[in-house]
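Residue numbers (my numbering): 1 to 616.
Worth flagging that the hints you see were computed from the coordinates, not collected in a lab.
Misleading hints may appear alongside valid ones.
What the hints assert, rightly or not - Straight line, CA to CA, 27 angstroms or less: simulated DSS-like cross-link-like pairs of lysine-lysine:
| no. | residue 1 | residue 2 |
| --- | --- | --- |
| 1 | Lys-479 | Lys-358 |
| 2 | Lys-358 | Lys-368 |
| 3 | Lys-359 | Lys-458 |
| 4 | Lys-534 | Lys-359 |
| 5 | Lys-417 | Lys-428 |
| 6 | Lys-227 | Lys-252 |
| 7 | Lys-358 | Lys-375 |
| 8 | Lys-538 | Lys-359 |
Model, not experiment: these values are computed from the prediction.
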Amino acid sequence: MLAGFKVVSSASQFDSEILDPEAEHVVCFMVTSLKEKEPYLLDMSSYLDSLSNGTPMSLHNLKLSEENLNQDGNCRRVRFGYASNKGNRTIMMIGATGAGKTTLINGMINYILGVEWTDNFRFVLIDEQTQKSQAESQTSAVTAYEINHMEGFGVPYSLTIVDTPGFGDTRGIKHDQRITGLIRDFFSQPGGIDHIDAICFVTQASLARLTHTQRYVFDSILSIFGKDIADNIVMLVTFADGQSPPVLEAIKASQIPCSVNGNGEPTYFKFNNSALFVDNSRPKGANKNEFESDDFDHMFWKMGSYSLGQFFKSLPSFSPKSLVLTQEVLKERQELEVAIEGLQPQINAGLTKIDEIKKIKYALEQHKAEMEANKDFEYEIDVTNPVQELNTSGMYLTNCQNCNFTCHDSCIYANDKDKDKCSAMDKKGYCKVCPGNCVWNVHFNQKYKWTYVTTKEKRTYNELKQRFEEAHGEVMTTKNIFEQLEIEFSVVQEIVFELIQKSHHCLEKLKVIALRPNPLSAPDYIDLMIESEKRECKPGFQDRIQSLMEVRQKAEIVSKMSSGDLLPEEWAQYGSRYSSRKVKGKGVFGTVKDWLCSAFKGPLGDMKQYGYPSML
1 MLAGFKVVSS ASQFDSEILD PEAEHVVCFM VTSLKEKEPY LLDMSSYLDS LSNGTPMSLH
61 NLKLSEENLN QDGNCRRVRF GYASNKGNRT IMMIGATGAG KTTLINGMIN YILGVEWTDN
121 FRFVLIDEQT QKSQAESQTS AVTAYEINHM EGFGVPYSLT IVDTPGFGDT RGIKHDQRIT
181 GLIRDFFSQP GGIDHIDAIC FVTQASLARL THTQRYVFDS ILSIFGKDIA DNIVMLVTFA
241 DGQSPPVLEA IKASQIPCSV NGNGEPTYFK FNNSALFVDN SRPKGANKNE FESDDFDHMF
301 WKMGSYSLGQ FFKSLPSFSP KSLVLTQEVL KERQELEVAI EGLQPQINAG LTKIDEIKKI
361 KYALEQHKAE MEANKDFEYE IDVTNPVQEL NTSGMYLTNC QNCNFTCHDS CIYANDKDKD
421 KCSAMDKKGY CKVCPGNCVW NVHFNQKYKW TYVTTKEKRT YNELKQRFEE AHGEVMTTKN
481 IFEQLEIEFS VVQEIVFELI QKSHHCLEKL KVIALRPNPL SAPDYIDLMI ESEKRECKPG
541 FQDRIQSLME VRQKAEIVSK MSSGDLLPEE WAQYGSRYSS RKVKGKGVFG TVKDWLCSAF
601 KGPLGDMKQY GYPSML
């Protein structure tokens, strides 16, 4: 195997032929006690220094192999070294943008590889400047770095570091939601991570209290994991000094679930990575006072080395946690997001319908005389119409061809043959989101998504009268028409409420299994919808807000029912409304059913999904 290769033996130092920069390959076999003053280590240090073209501190990239775990390349595995029979520990690094997570990971690598403060070289796993690893893994991806154990490692096991993008940057909440989705996709990849030893929450030491944004970052991350992983969450505190980090009080005050020590304090490790890549050389003849900062840098280096030693020593004491429950949380959250996205246009269409009925009633009140005389007249209403909008998000879509409806706007499946696996589909292959609940194979990934705009249209009294007469098979008097409008108003309002309740049920499920659930009640959820309408100010928003306020009153009653706080008179009011709808609404179900699906130009759906009997 080595035929034709020159073999050089050196008892105490590198031979000049080994150090020859013209040599294409150099393979060194050494026997050493790894003591600090070993001559070969001094020669190795000088050799590495010479490779840096005279720069006192040289940085060296590790040789890595990389593979994509999914089609988009935003879930990756990067390997250093070869498979080892040593046990493996898995940690996940999570934190806000700017918390110092990337530098801390590089610090871990240097500790594991035995780099000392006095060495004039450092190893780099993730480039701090370009925010890429050597495998070109962008920080917009979730990457598992597998550090396979070798002799001489600073830890007695292999280590997998799962690096995640930073939360809470200037790209806002949509970007944070995308990160949650990336973590979800990473966990769901075949052959991916199935257990975890520690969730490492990287946070700055100086945070004396958490702002609303920081609380959101914590809650977003914690909502990913199941309750059984709380004892595996540790705090890695960056930009620390010799004092107790103020952020600990903020963590305790916010009741962040995490591992605690014997005193009930959050388990934490302090770091100040400012010294990791600092130039520790001192020119000959330099005045010591000019380099007083060396003492501080050395102090920070020792603090980091000590904390990493304590962290890696404690890691085997954590009981590894299966990610099955976490995957359940992520799956439920994905279904929740898909449901809310899909239900929103249906809710808006319902609110528009409520407003339409109000305006019809008002127009009829103004023209009672014409109605009694059987004369025709015009009135104006708002209607919902579907519009194709070019998809510029870079995400795959799941569009229903039957309903003209976008059921999932961030699907991970580009191939239409895989749409049965989309989060919008149930176990039988039927869509849980589109109004028609259509089968999966009429759903496609297309270049556009369906959005809905509200436009004004002119209608006539004769058209309205004819619609009711055809639905009921009899001539309708003025009184009959007003009665049917009241019934239709009540039923559509109930449909909107049922759609909102459906979203709320998903939130309730998260409350059971998630570490930090979304605590919104149905009224709270409606309040968020109202605030969203106020911010966006889309055409017709004032009417939709008014309708949401009315629906909120009903939500308040149901919320009180579930908590046992409903007053007797409220029980009577709710029971009266409910029984009235069931008795009087019998003849209108088909009409409302037609409206619900025709609002999206689709086939007739099944009202059973909203708790009503099918009438067609």
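Here's how the hints hold up against the structure:
Between Lys-479 and Lys-358 the alpha-carbon distance is near 16 angstroms, which keeps this suggested pair within the 27 angstroms criterion. The hinted pair formed by Lys-358 and Lys-368 meets the criterion: a straight-line CA distance of about 15 angstroms does not exceed 27 angstroms. Among the hinted pairs, Lys-359 with Lys-458 is consistent with the structure: their alpha-carbon atoms are about 12 angstroms apart, no more than 27 angstroms. Annotation: proposed proximity of Lys-534 to Lys-359 holds, straight-line Cα distance about 22 angstroms (limit 27 angstroms).
The suggested pairing of Lys-417 with Lys-428 holds, with an alpha-carbon distance near 15 angstroms, which does not exceed 27 angstroms. Pair hint Lys-227 plus Lys-252 holds up; C-alpha atoms about 18 angstroms apart against a cutoff of 27 angstroms. For the proposed pair Lys-358 and Lys-375, the alpha carbon gap of about 21 angstroms is at most 27 angstroms, so the pair holds. Between Lys-538 and Lys-359, the direct Cα distance comes to roughly 19 angstroms. Compliance with the 27 angstroms bound is thereby established for this hinted pair.
Going down the numbered hints, you'll see the structure goes against none, and every one checks out.
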